[in-house]
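Under the working numbering, residues 16 to 261 are what the sequence shown spells out, in order.
Accuracy of the hints is not assured; some may be wrong.
What the hints assert, rightly or not - Using 27 Å as the maximum straight-line C-alpha spacing, the simulated DSS-like pairs for lysine-lysine come out as follows:
{"no.": "1", "residue 1": "Lys132", "residue 2": "Lys122"}
{"no.": "2", "residue 1": "Lys132", "residue 2": "Lys149"}
{"no.": "3", "residue 1": "Lys216", "residue 2": "Lys149"}
{"no.": "4", "residue 1": "Lys94", "residue 2": "Lys213"}
{"no.": "5", "residue 1": "Lys224", "residue 2": "Lys149"}
{"no.": "6", "residue 1": "Lys149", "residue 2": "Lys74"}
{"no.": "7", "residue 1": "Lys132", "residue 2": "Lys213"}
{"no.": "8", "residue 1": "Lys216", "residue 2": "Lys74"}
{"no.": "9", "residue 1": "Lys94", "residue 2": "Lys205"}
{"no.": "10", "residue 1": "Lys132", "residue 2": "Lys205"}
{"no.": "11", "residue 1": "Lys216", "residue 2": "Lys122"}
{"no.": "12", "residue 1": "Lys132", "residue 2": "Lys216"}
{"no.": "13", "residue 1": "Lys94", "residue 2": "Lys122"}
{"no.": "14", "residue 1": "Lys149", "residue 2": "Lys122"}
{"no.": "15", "residue 1": "Lys224", "residue 2": "Lys74"}
{"no.": "16", "residue 1": "Lys213", "residue 2": "Lys149"}
{"no.": "17", "residue 1": "Lys216", "residue 2": "Lys205"}
{"no.": "18", "residue 1": "Lys94", "residue 2": "Lys132"}
{"no.": "19", "residue 1": "Lys149", "residue 2": "Lys94"}
{"no.": "20", "residue 1": "Lys216", "residue 2": "Lys94"}
Honestly, the hints are just simulated from the structure, not real lab data.
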Amino acid sequence: MAGSKTFRRKRQQGVIDTLASGALRVRVDAGVDPVTKRRHRRTRVIPADTPDKDAEAEKVRIQLLNEVYERRNPKTAAKVSQLVERYLNDFDGAWSTVENYRLLWQKHVEPFIGDEKVGDVDADTLESLYRESKRCREHCTGRYVQHRTPRQHECDQRCRQHVCTPLGTSARRQIHWLLSGAFRSAVRWKWITENPVKDAKPVSAPIPKPQPPTPTQAAAIVNAAAARDTDWATLVWLAMTTGARR
Numbered sequence: 016m017a018g019s020k021t022f023r024r025k026r027q028q029g030v031i032d033t034l035a036s037g038a039l040r041v042r043v044d045a046g047v048d049p050v051t052k053r054r055h056r057r058t059r060v061i062p063a064d065t066p067d068k069d070a071e072a073e074k075v076r077i078q079l080l081n082e083v084y085e086r087r088n089p090k091t092a093a094k095v096s097q098l099v100e101r102y103l104n105d106f107d108g109a110w111s112t113v114e115n116y117r118l119l120w121q122k123h124v125e126p127f128i129g130d131e132k133v134g135d136v137d138a139d140t141l142e143s144l145y146r147e148s149k150r151c152r153e154h155c156t157g158r159y160v161q162h163r164t165p166r167q168h169e170c171d172q173r174c175r176q177h178v179c180t181p182l183g184t185s186a187r188r189q190i191h192w193l194l195s196g197a198f199r200s201a202v203r204w205k206w207i208t209e210n211p212v213k214d215a216k217p218v219s220a221p222i223p224k225p226q227p228p229t230p231t232q233a234a235a236i237v238n239a240a241a242a243r244d245t246d247w248a249t250l251v252w253l254a255m256t257t258g259a260r261r
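Required output: the full structure, derived from the provided sequences and hints.
Here it is as structure tokens:
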């Protein structure tokens, strides 16, 4: 029992390890990741050539402990689900945007972090969530058969083994925007002191793959426009030569 208490105290206080390079690695326990259910740690490395690196490592250890403490002791015990609900109720945007956010929230976010306290969510949690959505849009836990209907039926070729496909990039980026806005509001309402979404790596935008017409195709388009109306042909030619402008 004494050993267990000692281990728990050491984990809560953080540790400083010396790496083979001579650098110092500072690790502080940051709790259990609600997405992966694994423990995760805040880590920072002090380069070997840092002046008075031992003192610097101790300063970093205290800083990381303070960050974890502040995150675990916010000014409210509200859950993320309560935050998102209030944020969407106050959202000043198109109705279709709100409904899309709600659908994304209910299927891809709420099952993982909806019951977490607002102050318990950090960048690591959010990045785990993004990775999970990229792994499988159905968030499966193993192989299973996707049936063609939930009703009683005889399976045929339409009932197939599930194959994981990632949630689309656009949807994952919208999840990031939703959470960014919600946690930004939480800071404004003084529920928390910092927005964890700022430190999370956002989902990269898809690389555009334009397919412009060939010179022959472009000439055919302009000629077809000229056959209908010269002003229209002028506009088409201008758009082709100057490109799209916002």
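Worksheet item: Taking each numbered hint in turn, which are not upheld by the structure, reported in ascending numerical order?
Response: Violated hints (numbers, rising): 6 and 15; every other hint is consistent with the structure.
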